[in-house]
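2 protein chains.
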Amino acid sequence: MRYELTKEFLEEIREAIALSNTAYIDQRVILLHAADIAEIIDELELEEAKFIYSHLDEDQQADVLLELEEDVRERFVESLTAKEIANQLENLDSDDAADILGELSLDRQLEIIGEMDEEDAASIVDLLNYDEDSAGGLMQKEYIKAREDWPVNRCVIELRRQAEEVEKVYTIYVVDSQDHLVGVLSLKSLLFSSPKTRIRDLCQEENIISVPTSMEAEEVARIMDKYDLVSIPVVDLQKKLVGRITIDDIVDVIREEAEKDFQMASGISESVEAGASIWRLSRARLPWLFIGMFGGILGAQVIGNFELQIGQIPALAFFIPLVAAMGGNVGVQSSAVVVQSLANGSNQFSSILARVKKEALLGLLNAFICSVVIFLITWLLETPLLGLTVSLALFTVIIIAAIFGALIPLVLDKYGVDPAVATGPFITTMNDVVGLFIYFSMGMLIFGI
Amino acid sequence: MRYELTKEFLEEIREAIALSNTAYIDQRVILLHAADIAEIIDELELEEAKFIYSHLDEDQQADVLLELEEDVRERFVESLTAKEIANQLENLDSDDAADILGELSLDRQLEIIGEMDEEDAASIVDLLNYDEDSAGGLMQKEYIKAREDWPVNRCVIELRRQAEEVEKVYTIYVVDSQDHLVGVLSLKSLLFSSPKTRIRDLCQEENIISVPTSMEAEEVARIMDKYDLVSIPVVDLQKKLVGRITIDDIVDVIREEAEKDFQMASGISESVEAGASIWRLSRARLPWLFIGMFGGILGAQVIGNFELQIGQIPALAFFIPLVAAMGGNVGVQSSAVVVQSLANGSNQFSSILARVKKEALLGLLNAFICSVVIFLITWLLETPLLGLTVSLALFTVIIIAAIFGALIPLVLDKYGVDPAVATGPFITTMNDVVGLFIYFSMGMLIFGI
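Chains as they are written, first to last, in this note's numbering: chain A, -3 to 445; chain D, -3 to 445.
Fair warning: there could be bad hints in the mix.
Since the list can't tell identical chains apart, any single copy or any two copies may satisfy a pair.
Said to hold, decoys possible - Computed cross-link-like contacts, EDC-like style, restricted to lysine to aspartate or glutamate with a CA-CA straight-line distance of at most 20 angstroms:
#, residue 1, residue 2
1, K222, E63
2, K256, E8
3, K353, E39
4, K164, E202
5, K410, E0
6, K46, E66
7, K222, E163
8, K236, D103
9, K184, E128
10, K222, D244
11, K235, D113
12, K184, E154
13, K236, D53
14, K236, D172
15, K222, E39
16, K3, E41
17, K164, D244
18, K236, E201
19, K222, E115
20, K235, E4
21, K222, E252
22, K235, E11
23, K235, E0
24, K222, D67
25, K141, E115
26, K222, E253
27, K222, E11
In short, the hints are calculated from the structure, not lab data.
Everything numeric in this text was worked out from a predicted model, so none of it was measured.
Based on the sequences and whatever the hints tell you, model everything.
Listed below in structure tokens is the structure:
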């Protein structure tokens, strides 16, 4: 069944809800995938949403809850009792349940935990202890493990029991008697082996890739990506198996990381949804605007020193935006490339010097091309002297911007600051100020004023 | 075994190669994961790399080849004979083999295909026909399928045969007698069911999610992400099963897409590696620099119209960079948010008008805050009249920039242009020009000149 959420479909659903047309909802909505139902509910009013929700079975309710957009879920969860939420959390994987619970106030958390089955509650409370950006914060307690000394037939029986709890089975983790991770086993090899074979003789024991609970989410993503894994076991300090992370959570980490970098590069400091309140959106953007204003005021101070010269040759002022903008553009370009290769962890051995040298060389080439073009145009539009000033200033500014653009993220990274900060208005602003000083100084020299 | 590629380790490897110390290579390098060996080879000279390569077994050679960085692989493949390459491609999944083959010249492709086993060659040649950014270009021919009328025990026997070819089994695809996809089955449910059960009674037949060969890679990524899939079946126009796409390839698509957007936002038009040649890097950056220059020249024309006024009140020129930069910053911020929600396909029903209204409101708030701050500072540093000019201009510029920043990507998207283009120097440049005009016009009015 092809599903697409069109405006018409949504209207039909709304009408059906208004008329309490249960047959329509059962036939057209309830059969859909939980992610699709969530997409529909995201667009509905709370009361409409509750109508649909009440028609779902308990498993579906939990899955839909998980898939809702965060702000919609918040409103929705508020309208449920602690007992209702507890029931639904019990139907989810522990990591998802912990994520939803973590969004609530501490009071509400305690109330819901009180309503939960002891064992489920213990897993979730344990997961809440980990930093949400660490392997511990991403992992789930649902995984399948087998003892290395089991034969295949016993393993199948035990797995059948365990598998009731675990929705998606990718890999079986093999442990010793102390729960230390000693190997991994694919379902495929289990399926195709004779019943008496020992697990230890079947499983892969070399190059077992696992991560500690404390590893940063981004690093886990890098490892799963590098080794093309769909799930990765998580171990504690004693190397005991404590959980697993599945690729769907890692895809989210990669997306969020990319969005954060993109927003940072665009001058938005916090990750905010387009649907957030005006105040939150404003708070995320103002810091960069203030940096921009501060830069503008510094720029005004620099130009202020040349008030006399501008009075004599007002045409000097014409090219202020050009010089300022080009420094910014070049700086952002060269910093973006460096930020990105740092994020990918690529070229780790190319020394800082080599990288900066390459950007300087590239700056030289682009500076040459741009300043020749601008010299010809300025000459044509204004005077040869002004052309010379603008093109010489541009040449210098581009080279400096290229070098600083590459250098700043490298330095930030060395001192543990997220280098993506550098691609924002930060570099633009700095280059504005430096560029203007160079431009007017050249003007003074060339015009002899 | 924890692996980390330190400078020291790399030096040791180099030394071992220089001394032809095979024992060291066997013990310290050959046992590593193919992705790690590739990471080492990425850092070595061609001759050193070949030494390590010659110690790998055939399967490893193919896996390492696949994991090498593209430019390193190109050089490496050039040094191999067609027969050697053909052997290694046969050991890879068809999609990976097609990717590597697709990087070569047509002559070389034909030569290699000539050396390959007929059946392998046919799969790969078929895959080369698809656009590399489509589902067909991402899919592999290795997957496991079962006929709906088989009993479980027959299925296990058939799968055992098929599974020799398929490295990673996630889901079994169930087809009818004409190869139409009719259901999916997890290995787990196969493992835990009785031998006589028919596959048709075991498999899930509702909400089967598949994609057509022609679907864009980005859309496939969105679907696999939405439904949390680790593999997805690909069907042709007749709904016949022709391949599957695995999540590792989708992770690459997501990463590349994010990088492209980030580069676009930073004013780099083509996706280029930091390791590319100066000429390619320059070509990717110059278009934006030319747009920036063009904007700067337009800006110069605008200011040129106010030459007289600048001659009278040179202090007006001081705040040119501030006005220009703020328009750019605000425009980039509001466009970035819109570009991102378009990329996520979120809020599809919020109409264009509502989105622009929200950005305008946000612009109003930020404009108010910024212009009060700048009024006080400019008054302090310069004169109240200049303060009034700058703050009123800033107020207007921020609101206009916020509105256009939101509007432009929406319009571009409507007309099928990648909206990420908008976050680059494009918006900055437009806002510069508009902002300057507003600023000087206000100055004329307020100073009465």
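Checked hints:
1. Within a single copy, K222 and E63 get their C-alpha atoms only as close as 28 angstroms, which misses the 20 angstroms cut-off; across copies the closest is 9 angstroms, which meets it.
2. For the identical chains of this complex, K256 and E8 are neighbours neither inside a copy (37 angstroms) nor across copies (38 angstroms), given an alpha-carbon limit of 20 angstroms.
3. When the C-alpha separation of K353 and E39 is checked against a cutoff of 20 angstroms, the pair qualifies only between copies, where the shortest distance is 19 angstroms, while the shortest distance within a copy is 52 angstroms.
4. In this assembly of identical chains, the alpha carbons of K164 and E202 lie at most 20 angstroms apart only when taken from different copies (18 angstroms versus 24 angstroms within one copy).
5. Taking identical chains as interchangeable, the C-alpha atoms of K410 and E0 lie at most 20 angstroms apart only when they sit on different chains, with a minimum of 19 angstroms there against 47 angstroms within one chain.
6. Only within a single protomer do K46 and E66 lie at most 20 angstroms apart by alpha-carbon distance; the minimum there is 16 angstroms, versus 52 angstroms between protomers.
7. Proximity of K222 to E163 under the C-alpha cut-off of 20 angstroms is restricted to the inter-copy arrangement: shortest distance 17 angstroms between copies versus 25 angstroms within a copy.
8. Taking CA atoms no more than 20 angstroms apart as the test, K236 paired with D103 passes in neither setting, with 33 angstroms inside one copy and 54 angstroms between copies.
9. Within a single copy, K184 and E128 get their C-alpha atoms no closer than 33 angstroms, and across copies no closer than 30 angstroms, so neither meets the 20 angstroms cut-off.
10. Taking identical chains as interchangeable, the C-alpha atoms of K222 and D244 lie at most 20 angstroms apart whether they share a chain (16 angstroms) or sit on different chains (9 angstroms).
11. Taking CA atoms no more than 20 angstroms apart as the test, K235 paired with D113 passes in neither setting, with 28 angstroms inside one copy and 45 angstroms between copies.
12. With identical chains, the CA atoms of K184 and E154 are at most 20 angstroms apart both within one copy (16 angstroms) and between copies (13 angstroms).
13. Proximity of K236 to D53 under the C-alpha cut-off of 20 angstroms is found in neither arrangement, the shortest distances being 37 angstroms within a copy and 33 angstroms between copies.
14. For the identical chains of this complex, K236 and D172 are intra-copy neighbours only, at 9 angstroms inside a copy versus 45 angstroms across copies, given an alpha-carbon limit of 20 angstroms.
15. Within a single copy, K222 and E39 get their C-alpha atoms only as close as 38 angstroms, which misses the 20 angstroms cut-off; across copies the closest is 16 angstroms, which meets it.
16. Within a single copy, K3 and E41 get their C-alpha atoms as close as 15 angstroms, which meets the 20 angstroms cut-off; across copies the closest is 59 angstroms, which misses it.
17. Taking the shortest alpha-carbon separations for K164 and D244, both the intra-copy value of 11 angstroms and the inter-copy value of 17 angstroms come in at or below 20 angstroms.
18. Taking CA atoms no more than 20 angstroms apart as the test, K236 paired with E201 passes inside one copy only; the shortest distance there is 15 angstroms, against 39 angstroms between copies.
19. In the homo-oligomer, the alpha carbons of K222 and E115 never lie at most 20 angstroms apart, since the shortest distance is 35 angstroms inside one protomer and 30 angstroms across protomers.
20. In this assembly of identical chains, the alpha carbons of K235 and E4 never lie at most 20 angstroms apart, being 55 angstroms within a copy and 27 angstroms across copies at closest.
21. Taking the shortest alpha-carbon separations for K222 and E252, both the intra-copy value of 18 angstroms and the inter-copy value of 14 angstroms come in at or below 20 angstroms.
22. Proximity of K235 and E11 under a CA criterion of 20 angstroms is satisfied in neither setting, with 56 angstroms inside one chain copy and 34 angstroms between copies.
23. With identical chains, the CA atoms of K235 and E0 are at most 20 angstroms apart between copies only, with a shortest distance of 18 angstroms across copies and 46 angstroms within one.
24. Taking CA atoms no more than 20 angstroms apart as the test, K222 paired with D67 passes between copies only; the shortest distance there is 18 angstroms, against 34 angstroms inside one copy.
25. In this homomeric assembly, K141 and E115 come within 20 angstroms of each other (Cα to Cα) only inside a single copy, at 18 angstroms, whereas the closest approach across copies is 39 angstroms.
26. Taking identical chains as interchangeable, the C-alpha atoms of K222 and E253 lie at most 20 angstroms apart whether they share a chain (17 angstroms) or sit on different chains (17 angstroms).
27. In this assembly of identical chains, K222 and E11 lie within 20 angstroms of each other by CA distance neither inside one copy nor across copies; the values are 49 angstroms within and 27 angstroms between.
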